[in-house]
Amino acid sequence: MIKLASEAEGAFASFFEEMQDKGAPKLRAAAWAAFADRGLPNRRIESWHYTDLKAALSKPAPLAKASHASPALPRAHDSLRLVTLDGVFRPDLSDLARLPEGVVAQSLRDALEEGAAEVMTALASADLGVDDAVVALNAALMQDGVVLRFAPGAKIERAIELATFASAEAAQSSYTRSLVILGAGAHATLIETVASLSKAPAQDNHAMAVRLGAGASLDLVTVFSGDAPESIRLLSLLAHLEGDAALNSFALIEGEGLARRQLFARLDGENAKAAFNGATLGRGRLHADTTLVVDHAKPHGESRECFRTILDQQSVGVFQGKIIVRPGAQKTDGSMQSKALLLSENATMNNKPELEIFADDVQCGHGATCGRIDKNQLFYLCARGVPRREAEALLIEGFANEAVETLDNDELRAFLSERVGAWLSRRIAG
Amino acid sequence: MLEIKNLHVSVGGREILKGLTLSVKAGEVAAIMGPNGTGKSTLSYVIAGREGYDVTEGEVKLNGENILGLEPSERVAKGVFLAFQYPVEIPGVATMTFLKAALNACRRARGEAELQTPEFIKRVNEAAAALGVPQDMLKRPVNSGFSGGEKKRMEILQMALLQPKLAILDETDSGLDIDALRVVSEGVNALRAPDRSFVVITHYQRLLDYIKPDTVHVMAKGCIQRTGGPELALELEERGYQEYVAEEAV
Numbered sequence: 001m002i003k004l005a006s007e008a009e010g011a012f013a014s015f016f017e018e019m020q021d022k023g024a025p026k027l028r029a030a031a032w033a034a035f036a037d038r039g040l041p042n043r044r045i046e047s048w049h050y051t052d053l054k055a056a057l058s059k060p061a062p063l064a065k066a067s068h069a070s071p072a073l074p075r076a077h078d079s080l081r082l083v084t085l086d087g088v089f090r091p092d093l094s095d096l097a098r099l100p101e102g103v104v105a106q107s108l109r110d111a112l113e114e115g116a117a118e119v120m121t122a123l124a125s126a127d128l129g130v131d132d133a134v135v136a137l138n139a140a141l142m143q144d145g146v147v148l149r150f151a152p153g154a155k156i157e158r159a160i161e162l163a164t165f166a167s168a169e170a171a172q173s174s175y176t177r178s179l180v181i182l183g184a185g186a187h188a189t190l191i192e193t194v195a196s197l198s199k200a201p202a203q204d205n206h207a208m209a210v211r212l213g214a215g216a217s218l219d220l221v222t223v224f225s226g227d228a229p230e231s232i233r234l235l236s237l238l239a240h241l242e243g244d245a246a247l248n249s250f251a252l253i254e255g256e257g258l259a260r261r262q263l264f265a266r267l268d269g270e271n272a273k274a275a276f277n278g279a280t281l282g283r284g285r286l287h288a289d290t291t292l293v294v295d296h297a298k299p300h301g302e303s304r305e306c307f308r309t310i311l312d313q314q315s316v317g318v319f320q321g322k323i324i325v326r327p328g329a330q331k332t333d334g335s336m337q338s339k340a341l342l343l344s345e346n347a348t349m350n351n352k353p354e355l356e357i358f359a360d361d362v363q364c365g366h367g368a369t370c371g372r373i374d375k376n377q378l379f380y381l382c383a384r385g386v387p388r389r390e391a392e393a394l395l396i397e398g399f400a401n402e403a404v405e406t407l408d409n410d411e412l413r414a415f416l417s418e419r420v421g422a423w424l425s426r427r428i429a430g
Numbered sequence: 001m002l003e004i005k006n007l008h009v010s011v012g013g014r015e016i017l018k019g020l021t022l023s024v025k026a027g028e029v030a031a032i033m034g035p036n037g038t039g040k041s042t043l044s045y046v047i048a049g050r051e052g053y054d055v056t057e058g059e060v061k062l063n064g065e066n067i068l069g070l071e072p073s074e075r076v077a078k079g080v081f082l083a084f085q086y087p088v089e090i091p092g093v094a095t096m097t098f099l100k101a102a103l104n105a106c107r108r109a110r111g112e113a114e115l116q117t118p119e120f121i122k123r124v125n126e127a128a129a130a131l132g133v134p135q136d137m138l139k140r141p142v143n144s145g146f147s148g149g150e151k152k153r154m155e156i157l158q159m160a161l162l163q164p165k166l167a168i169l170d171e172t173d174s175g176l177d178i179d180a181l182r183v184v185s186e187g188v189n190a191l192r193a194p195d196r197s198f199v200v201i202t203h204y205q206r207l208l209d210y211i212k213p214d215t216v217h218v219m220a221k222g223c224i225q226r227t228g229g230p231e232l233a234l235e236l237e238e239r240g241y242q243e244y245v246a247e248e249a250v
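Line by line, the protein sequences are chains Y and U.
First residue of the first sequence? That's 1 in our numbering, and the numbers climb one at a time after it.
First residue of the second sequence? That's 1 in our numbering, and the numbers climb one at a time after it.
In short, the hints are calculated from the structure, not lab data.
Warning: the hint list may mix true and false statements.
[Said to hold, decoys possible] EDC-like mimics (lysine to aspartate or glutamate), calculated; alpha carbons at most 20 angstroms apart, straight line:
hint, chain 1, residue 1, chain 2, residue 2
1, U, K139, Y, D37
2, U, K212, U, D177
3, Y, K375, U, E74
4, U, K139, Y, E169
5, Y, K199, Y, E169
6, Y, K331, Y, E354
7, Y, K26, Y, D37
8, Y, K322, Y, E18
9, U, K78, Y, E354
10, U, K100, Y, E390
11, U, K100, Y, D37
12, U, K100, Y, E418
13, Y, K322, Y, D374
14, Y, K339, Y, E402
15, U, K139, Y, D410
16, Y, K375, U, D177
17, Y, K65, Y, D131
18, U, K221, U, D209
19, U, K221, U, D54
20, U, K139, Y, E18
21, Y, K331, U, E51
22, Y, K155, U, D177
23, Y, K375, U, E71
24, Y, K339, U, E71
25, U, K100, Y, E169
26, U, K18, U, E71
27, U, K139, Y, E46
28, U, K139, Y, E405
Here the structure is a predicted model, which means the values were calculated and not measured.
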């Protein structure tokens, strides 16, 4: 018998009762047990020290109900789209029929019903994020999502978007889990969009598990937004890389409320390469947390993290980056960099880089900085005739671009630069 | 063109300029020479409008208008240009983006139409060719990874694009080898015009072999100590600044 202390945790127990027989019962039960054992994390849990989820989630909103509405969905780029709306995959809003050869998509619900071994194994995502209450809760309560499989050797040039929208007018909680499997040597470009269509304070917990087979490569761009000040948005990426696989990811976090993006990655084959880059644009009272754990399990791995956090008004940024190098993972090359730019006296940044190195022949470095707009740079621009506000905007944009420019894909880079530009225009407009 | 009268400037409560008076006519090239720490760079920053320099007395007029109350960008619009002793690196901001923002901000402020991209690129390419600035440099972020000489060439390129009325060159010769010095000087000489004045700040006479001044001013202890013709620079080269500094001991 599980005993949960708070009223909030009681609400989750009732969600679990509702979801426990909706496919993958063992997986759900194990995940629920893991969650119930810990409860919601508070500041005493080290990896949640700067984000008190227990305090924030004291009143869980009801579990999302499937919506049959077909709202107009914003579309910013030319990609094939797979839509999950209010916790339910919507084939009618998706480009299923247009997916190219070599790609198969189905709803998580259907996949759980089928119970294919490959999917069930991948969904459990080995032991990634196993200690994390949010990942456990996601597995216990997953309502739906997308299972996307790329055949071995499939080279898909066109970007595919996994879009998760919330549209309800009242607060609700939705839990989705998507699974992306790339066969050996496959290549894909994914855009992960998480956004809200309403001003209701959603409480979302979304996760994506990606498995890259030997020599597979994935470019992944995440745009994580939502404008409701009271919203609580949790987004996890669980990435598993085999030998010679390459994952190149970039995440843009903006909006309002509490947003936490977590990354758990394991480089589980020789010569695996992973880049986790991102930019956060904070205004209002946004609390934006990026927490990542990159686990080098095999030799000759390479990981790169380049994060830029821009904080205006009362926004708060958190960056926690942990790089683990296991005893056998010799010749690991890791480099992590988090820089924050504070635009207001009231903004706060918390930087916490961590290295846990158990191999003796590795190269690992990290750097974390936090500062204001550089006065020398500002004066230089103004001394060339650029008015102060415009000069500030150029410098802020340049700061964000240092991370955006890690992307090789011209179209995606332009798309992200545009988002940064739009944020700056709103800032200038007040 | 430029009239500075009895200028007193403090930085962090310490007086650096102590009643400096200087007049530069339209079309004139005025050299300011002096030892380290006499306020030459302070003078250039005050004219350009940098924060943190408190003008406690005196005035700076450009074509009869007091510019001390203006924002740095407004001064640029009026025709002031400062070529920095140490041009600032701005990683993340592309050089072309920067040049376009600067040029079009000036054009807007001067009531001229903004340049469209093709015309803008044409102008930059012309200026770059004249100064031997390779295309590769234009593709990098502002001054990032540039050598000292490359940074100075880029300063002159910006000057050529912005077409100022008063250009202040703050130790443009520092960090330059002979070849770079020649290229940069030719760039400056090409911009000499009857309606454009230059204030050339330098330690050494060498730069003045390439950019021939009309007047030479010796600056020490926060003021202009002596004014003369080009021959004064040669005299300084021979005798040093000792006599101007030594007075302090008296």
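Cross-check of the supplied hints:
no. : hint              : in the structure
1   : U:K139 <-> Y:D37  : 55 angstroms, violated
2   : U:K212 <-> U:D177 : 19 angstroms, holds
3   : Y:K375 <-> U:E74  : 18 angstroms, holds
4   : U:K139 <-> Y:E169 : 48 angstroms, violated
5   : Y:K199 <-> Y:E169 : 7 angstroms, holds
6   : Y:K331 <-> Y:E354 : 19 angstroms, holds
7   : Y:K26 <-> Y:D37   : 16 angstroms, holds
8   : Y:K322 <-> Y:E18  : 35 angstroms, violated
9   : U:K78 <-> Y:E354  : 52 angstroms, violated
10  : U:K100 <-> Y:E390 : 12 angstroms, holds
11  : U:K100 <-> Y:D37  : 59 angstroms, violated
12  : U:K100 <-> Y:E418 : 18 angstroms, holds
13  : Y:K322 <-> Y:D374 : 28 angstroms, violated
14  : Y:K339 <-> Y:E402 : 10 angstroms, holds
15  : U:K139 <-> Y:D410 : 16 angstroms, holds
16  : Y:K375 <-> U:D177 : 29 angstroms, violated
17  : Y:K65 <-> Y:D131  : 29 angstroms, violated
18  : U:K221 <-> U:D209 : 26 angstroms, violated
19  : U:K221 <-> U:D54  : 17 angstroms, holds
20  : U:K139 <-> Y:E18  : 58 angstroms, violated
21  : Y:K331 <-> U:E51  : 49 angstroms, violated
22  : Y:K155 <-> U:D177 : 52 angstroms, violated
23  : Y:K375 <-> U:E71  : 14 angstroms, holds
24  : Y:K339 <-> U:E71  : 30 angstroms, violated
25  : U:K100 <-> Y:E169 : 45 angstroms, violated
26  : U:K18 <-> U:E71   : 23 angstroms, violated
27  : U:K139 <-> Y:E46  : 44 angstroms, violated
28  : U:K139 <-> Y:E405 : 13 angstroms, holds
Hint compliance for this structure: hints 1, 4, 8, 9, 11, 13, 16, 17, 18, 20, 21, 22, 24, 25, 26, 27 are not met, and every other hint is.
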